[in-house]
Structures are given as C-alpha cells and as structure tokens.
Amino acid sequence: MSYQVDEKGYYGDFGGAYIPEMLYPNVEELRTTYLDIINEPSFKEEFHQLLKDYVGRPSPLYYANRLSEKHNTKVYLKREDLNHTGAHKVNNTIGQILVAKKLGKNRIIAETGAGQHGVATATVCALMGIECIVYMGEIDIKRQAPNVARMKMLGAEVRPAKSGSKTLKDATNEAIRDWINNPVDTHYIIGSAIGPHPYPDMVTRFQSIISEEIKWQLKEKEGRENPDYVVACIGGGSNAAGTYYHFLDQPDVGIIAVEAAGKGVNSGESAATSQLGKEGIIHGCKTLLMQTTDGQITEPYSISAGLDYPGVGPLHSHLYKTARGEFFSVTDNDAMTAGLELSQLEGIIPAIESSHALAVFNDKKFKPEDVVVISLSGRGDKDLDTYIDYFKL
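So that you can map any letter, position 244 of the sequence shown is 390 in our numbering, and since no number is skipped, the others follow by simple counting.
Some clues are possibly wrong.
Derived lysine-lysine pairs resembling DSS-like cross-links, with alpha carbons at most 27 Å apart [to be verified]: (1) 513 / 365; (2) 467 / 154; (3) 409 / 216; (4) 511 / 367; (5) 247 / 154; (6) 361 / 513; (7) 308 / 288; (8) 409 / 312; (9) 511 / 361.
Computed spacing ranges between beta-carbons, pair by pair [said to hold, decoys possible]: (10) 441 / 250: 35 to 41 Å; (11) 191 / 303: 29 to 35 Å; (12) 274 / 414: 42 to 48 Å; (13) 198 / 327: 34 to 40 Å; (14) 166 / 186: 27 to 33 Å.
Hints were generated in silico from the structure; no laboratory data involved.
Built from N, CA and C at the ideal position, the CB exists for glycine as well.
Let the hints inform the model, and build the full structure from the sequences given.
Have a look at this one:
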C-alpha cells in the first residue's frame, strides 16, 4: 500500500484535478514544473536558508514533563507555534512564493480561515515585494480580528467572503473565482493539503520539514528516529500531512488524526469529516466531504476557525479509508479544556486548532513507555478572545 501521490495526482481513490476549463492552464503549468523547480539545488538552498534565518527553524521538539506525568506517557510537542508568524503555515508559503517567482507570477491570492495562512502569505509577499490579496470569510474576519490587522499591516488586501457560511469554504470559492479571472499573472497559494493536484502533494512536501526534523530530534533525545505515535489536528490537513510524511511508510509508527466534532458529531454542528463525510468533490479534488444525500455540501462548524472545513485532504481520506490512520473527533469543550490544561501545566498557550490534538488523551490511552509526538501547530495569541469568552477569564 502506497501513501505517496501517484502520477495522476491520486492517493488511492482520492485526489485528482477536477477543475473548470479556465483553470486548466494554471494548474497544468504548476503540475508539469513543480517537481523540477523544488528539486533544483538553488531552490533548495534558498528555501532552507529562509526556513533557518527567517522562519527560525528547526522548531524545538519539547519534552512536556508535566503533561507526560498527567497522562502517564512520554509526550513531546513539536513546537510549530514558535515559527515566525506563529504557526506551521509559513513553511508552505515560503516554498510557494519561491515557486511563484520561478514561474514569473507577480500577484498572489490566498484563502484563510483562522487567519494564520493569510498572515503567512502576507508575510512572504511583503518579504518578496509581491501584491497580495487574501480572501477570508466575513464571520472569520470578526472572530480573528488580530490576524486581520496583521495582514493589513503587512500590506495585504483582505477581501471578505459574504456568501454561504461566510467561513473558510466560501473564502476558498472566492479565491478560485479570482484565479479564473486572473490566469496569467496570478499564483494561488493554497494553505492546506487540499485542492487540485499538484497542490496536496506540493503543500505536503513543503510541510514535511516537520517530520524530517522530528526524526533527527527524536534520535538525539530518545536514541531512535521513530516515535510510537504522531498526533495532529486536521481541518484540510497541512500540519498533519507534514507531521506524518516521513512516517507514512513506517508501520511501527501510529498515525493519529484529530478532527473537530464541534458541539457533537451528530449534533448538526460539527466538522468531523471522517465520521460524516462521503466521497465527493470539493475545490478541485475527490475526497471525503460532508454533504447531503443529493450531494449538496453541508455547513461545517467548529469553535476553531481553522478546522471548520467540510472536507479533508485526499491523503487523509486515504489514510482513513485504508485504516493507516486512527481518526478521533473532539468537541469544542474537550478541545478548549485541553488548551487550558497545556497552558497551566506547561506555560504554553496553544491555538484552538492544536488544542484539538491535545485532547486525544480523552479517547486514546497510551502506554507509559510510548513516545507520543504531538504537532503543536500554532500559538494561541489569535484565539485569546475566544478563550476569554469561553472560560470567563
């Protein structure tokens, strides 16, 4: 069983490029060039130099002593929250802005939910002096105001998506419409491991720096490269894809994905795609998708702006269908409680997205000798208002 993308852009039954004719030249240009570009020695050198000197990599692999004691297992946190811009997203935007430059693009568009990808895109556009437009759901603009301010400070234009649920799905729709209307000079920096091929693979490759570092960091700390489990939250799934990448073909490493159950998987207000989804097509790829019996996309819900997406990346759909990954669904309440627990046990305030991964201990019991690596995908600064309102702080 392979967990790498095939030449047609599929992970098992999922993936591909289901795109309108107007987008074909853009996507085909990217598909036929991206591997050559990212494998050029000069590209690799610039990419890794920026990750080191600008992003601040490698991010630490931190042994969470008090959290380990509480849950009677060995917990390591991969500290993506310490990256420049506060999340894993910048690993991908650095890579994609360099690809865009190689392709001669001078205008960048992006979508964002929690705002972290928008900030990371605005950041690299400022770094390279390229025009940046970020689409964001009107609801997300209100609940992620600090990130909106950051994007504007960085020189990006933030355009609200006012249709549908006014969240991430709708922001993505608006970005795709823009790309159709501006096919020649524009590159679309997709923020997650979703979209038409080659995006899921390209984003995963840029994020795979996470698992690449975990291997040598764990070798230093534990004397072995492979943990017993890697754990990550999943919306579209870019931090998860990067966390899993170098362990996909290592059967001794358990892969755990944690989705947002919202107010309960069967409450009607959830984003637990693995539990609620069926095969369908969204934003250019075939994947698991929350939809009605006649194929209409249903509105997802999560207290986390980065996880309320009705689908999941095709790699993760493949991991679910083949049972290579264990999938858990965590409610708003359990995620928020886990975030508060980490704050008070380790002095680290996590993003609410990351808090979902931290809530895995409610559903999965680990052995005392297990080495469990959890991707701490982002910091909680952007979510302070939500934490304050929730806990009446």
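Against the structure, the hints come out as follows:
For the hint pairing residue 513 with residue 365, the CA-to-CA distance comes to about 20 Å; that is within 27 Å, so the pair holds. Among the hinted pairs, residue 467 with residue 154 is consistent with the structure: their alpha-carbon atoms are about 19 Å apart, no more than 27 Å. Taking the CA atoms of residue 409 and residue 216, the gap is about 26 Å. The hint holds against a cut of 27 Å. Proximity of residue 511 to residue 367 is assessed by CA-CA distance (about 23 Å); at most 27 Å being required, the pair is judged to hold.
For the hint pairing residue 247 with residue 154, the CA-to-CA distance comes to about 25 Å; that is within 27 Å, so the pair holds. Between residue 361 and residue 513 the CA atoms are separated by roughly 21 Å; this keeps the pair inside 27 Å, and the hint holds. Distance check on the hinted pair: residue 308 and residue 288 sit about 12 Å apart at the alpha-carbon level, within 27 Å; holds. Pair hint residue 409 plus residue 312 holds up; C-alpha atoms about 19 Å apart against a cutoff of 27 Å.
As the CA atoms of residue 511 and residue 361 are separated by approximately 23 Å, the hinted pair is consistent with the 27 Å bound. Between residue 441 and residue 250 the beta carbon distance is about 38 Å. The supplied range of 35 to 41 Å therefore holds. Here the CB-CB span from residue 191 to residue 303 is close to 32 Å, well matched to the stated 29 to 35 Å. Distance hint check: the CB atoms of residue 274 and residue 414 are about 43 Å apart, consistent with the given range 42 to 48 Å.
Between residue 198 and residue 327 the CB atoms are about 37 Å apart, so this pair conforms to the stated range of 34 to 40 Å. The hint said 27 to 33 Å for the Cβ distance between residue 166 and residue 186, and at roughly 31 Å that hint holds.
Violated hints: none; the structure is consistent with every hint.
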